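Chain order of the listed sequences is X and G.
Counting with our numbering, you get residues 2 to 462 for the letters of the first sequence.
Counting with our numbering, you get residues 2 to 462 for the letters of the second sequence.
Check each hint, because a few of them may be wrong.
[To be verified] Non-contacting residues of chain G with respect to chain X, defined by C-beta distances greater than 12 angstroms in every case (computed):
1. Glu-44
2. His-74
3. Leu-425
[To be verified] Facing chain X, from chain G, some residues (calculated, C-beta under 10 angstroms):
4. Ala-34
5. Glu-45
6. Met-91
7. Arg-159
8. Gly-163
9. Thr-167
10. Arg-187
11. Leu-190
12. Tyr-206
13. Leu-295
14. Val-318
15. Leu-345
16. Val-408
17. Trp-410
[Unchecked claim] Computed list of chain X residues with no C-beta within reach of chain G, every gap over 12 angstroms:
18. Glu-18
19. Gln-48
20. Arg-53
21. Val-122
22. Leu-127
23. Asp-236
24. Leu-279
25. Glu-391
Note that these hints are calculated values from the structure, not bench results.
No experiment lies behind these values; they were computed from the predicted model shown.
Glycine is no exception: its CB is placed at the ideal position from the N, C-alpha and C atoms.
Listed here are the chains, written in short residue letters.
2 protein chains.
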Amino acid sequence: MMPQLPFVETVTNLIQEGEFFKLKKLLVNCQPAELVELIENEEEREQLIIFRLLPLKLATEVFEYLDRDIQRHFLDNLTQDKVADILNEMSPDDRTALLEFLPANFVAELVQSLSEEERKVTLQLLGYPEYSVGRLMTPDYIAIREHWTVQQVLDYIRRHGGQSETISLLYVTDARGVLIDDLRIRELLLADPSVLVRRLMDNRYVKLSAGQDQEEAIDIFRRNDRVALPVVSDDQGILLGIVTIDDILSIREQEDTEDMQKLGGSEALDEPYLATPLLSMVQKRAGWLVVLFLGELLTASAMQFFEGELQKAIVLVQFIPLIISSGGNSGSQATSLIIRAMALGEFTISDWWLVLRRDILSGLALGLILGVVGFARIAVWQSLTPIYGEHWLLVALTVGIALVGIVLWGSLAGSMLPLLLKRLGLDPATSSAPFVATLVDVTGLIIYFTVALVLLHGTLL
Amino acid sequence: MMPQLPFVETVTNLIQEGEFFKLKKLLVNCQPAELVELIENEEEREQLIIFRLLPLKLATEVFEYLDRDIQRHFLDNLTQDKVADILNEMSPDDRTALLEFLPANFVAELVQSLSEEERKVTLQLLGYPEYSVGRLMTPDYIAIREHWTVQQVLDYIRRHGGQSETISLLYVTDARGVLIDDLRIRELLLADPSVLVRRLMDNRYVKLSAGQDQEEAIDIFRRNDRVALPVVSDDQGILLGIVTIDDILSIREQEDTEDMQKLGGSEALDEPYLATPLLSMVQKRAGWLVVLFLGELLTASAMQFFEGELQKAIVLVQFIPLIISSGGNSGSQATSLIIRAMALGEFTISDWWLVLRRDILSGLALGLILGVVGFARIAVWQSLTPIYGEHWLLVALTVGIALVGIVLWGSLAGSMLPLLLKRLGLDPATSSAPFVATLVDVTGLIIYFTVALVLLHGTLL
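Just chain X, with the same shape it has in the complex (with noise of 0.2 angstroms):
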């Protein structure tokens, strides 16, 4: 929900005017916030005359939060200068986020822009593997002995602190730089200034690897109420960085975003839904619908094979699309509930025998509602006109016993499907709603027309 921001018409006004000055008064009193709205809202000559006279700390926080393809606009239009000097401004991993997002010959180019301090830290960070905590990671954190006391920690946060991503979490180190403790700022701004670090250590912390993967952090986090965790070495538990809460929620959200997209049977799409370019939305949506549509085709080779009975008893395909849909649907419940409890990491795949006792009962009970709602529909109506038939009651009950074992297999299938992509490394997401639907439509007809083989013998078919 965007609100209309009063000031975009005086903005392009003064813009029009050359107001310039007016302007960047009106400017530097704004939200980052505001002007990161404000400037995907103009159009590219005003964006970046909006973003030129922004103020170099200002520019770099807005700088952040814009949109990757506004953000390489501006890079290629900005004087080598002002390029070098926000992305030395920059926090390193959204430095190095950035960097990962361009062609590797332009980043070069802007690596080489860099300080030679801020070039070691963010060549160091892009040698993590991607998805790992150490590309999450900034080195800017603070970092204390325990022999210290609390005023002389106020002092060095007063010297050293402007660099630092968070103040609210100091960690203490050894002579070595091992990670022995974490503090709260709060413990030190509550204690008396002449007391020791040391007393007010409790050794009790919460950690990440570096080469941990960053679902498992997201997982810590979400056990541990931090804004900030440290990073330490695998081996030797030497302090790297800080990974702080602002870049987990971003990855929640986009990790969430594709669970959600994929349980919609279409790839995730990488870009907001209006950002991304039609065609690599069709694209995206192409490649399932096309896999899902030939799995589908058996289902035609199915009808094909029970043409004979097809025929004979007509009455039994007006029912073919109330049943295999109903199994569809209790699939894509049952897949999207597990998808949803093993993204929050409710179980883990070695529960898969209380999840798939949980789904027979619940599938048979729903079964048994929609058949009997089934038997009851066919009985009704036949009650009213006889379309049936004389043999209506045998019909009713197919339809009605097909339901319970196409509901139960639906529900089974949705169930175990996400355990199973799991267990084989894939994306238990990839179990879309779509994908358990098409599952169940072709296996559905098979149980319908072995039931209804059984049923009718002898009397329809």
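Let chain X serve as the given structure and place chain G on it in line with the hints.
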């Protein structure tokens, strides 16, 4: 993913051997998150023993993270004194959330056990409408005045900051309590102790109103990189409390979970998957399943209506599942993309025209792709064995053209339905994948048979 704790066994053994002193020593060195996990893995009796051994501060922290049912169990079984101590120690927002969940008479009793001051706070928080920002806020913040020096602020924090939920942000208020600015603690820590607060102020701040919807608050947090935001009264801008990011996070996660569960076609579960009682799980799934089933019954009526045509051209039957499920799949894709984009605030209902235009184009493109594949499938099969008879070309054309229409229609229904629901003041996520699929199934049949009537008139029909 819960890592198996090495000490669960040790703890169980210590309890059995009655070694409570040793056990206590072990427990006080644990992280709250570890203790929560430990308790959730133990039997009811052991849970209480472990919890009783924890010192008050740690006990409260652990309590806040426990499952509602375990919390309830503890409240029922602990002495009134211990309960009062824990409730008094809890942060007001977590306490309000807990009281919300308990039966009214039980709440009345618990509120009585609170201290005068905490009771006032709790009753006040309980007075804001559900899902309002007021419900989330905690009144534990630090308010400072603009004529204080940095040193005075630090002294003030040392004396009064112990109760504050966050110390990272300080709020400057005027004599009437109206919020005039926020300051990060880092700005104070980096400044000279003799500087006045006024000198550090920039009068730029982001705030929430107590009556505001929580969803808006989530949006504001997303757009502004803060660990907490101040809440002011709707009318005069008086500072009432703060909302911290951990509360926002859990709401966001909960909403994402609900969206995903609804998208799959069941009601939101409210509890973790394995913790949901089987009966309530069946209830939450059965409601929609039956509604969808009743909707899907219309397919039977539609087919009944076209029974004459079906009998004449039985070859049409075998493509029914294929055709209607392709429409459902395309609708399911569209609806999940749109629901997620709306949840992220990427566009509002006023942008419906942009969305419609995109989906007409992509729906048409996807329909053409599937139409060509469907046509080709029939042509190739026919060239191998002439199963589709002399009019195979017309049949293939019917299938191909119907596919274009149905995929386009599915895409449009899937994208417009969430917007329509939102417009009607309903939750867009109600437009689940199965809901859209059912809608498309019924209309899809009509499209298919209409195309068939036009193309096959005079030949097969």
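Verification of the supplied hints:
no., hint, in the structure
1, Glu-44, "holds (18 angstroms)"
2, His-74, "holds (20 angstroms)"
3, Leu-425, "holds (17 angstroms)"
4, Ala-34, "holds (4 angstroms)"
5, Glu-45, "violated (20 angstroms)"
6, Met-91, "violated (13 angstroms)"
7, Arg-159, "holds (6 angstroms)"
8, Gly-163, "holds (6 angstroms)"
9, Thr-167, "holds (8 angstroms)"
10, Arg-187, "holds (4 angstroms)"
11, Leu-190, "holds (5 angstroms)"
12, Tyr-206, "holds (8 angstroms)"
13, Leu-295, "holds (8 angstroms)"
14, Val-318, "holds (5 angstroms)"
15, Leu-345, "holds (7 angstroms)"
16, Val-408, "holds (8 angstroms)"
17, Trp-410, "violated (14 angstroms)"
18, Glu-18, "holds (25 angstroms)"
19, Gln-48, "holds (18 angstroms)"
20, Arg-53, "holds (21 angstroms)"
21, Val-122, "holds (20 angstroms)"
22, Leu-127, "holds (23 angstroms)"
23, Asp-236, "holds (20 angstroms)"
24, Leu-279, "violated (6 angstroms)"
25, Glu-391, "holds (17 angstroms)"
Hints 5, 6, 17 and 24 from the list above are not met by this structure, while the remaining hints are.
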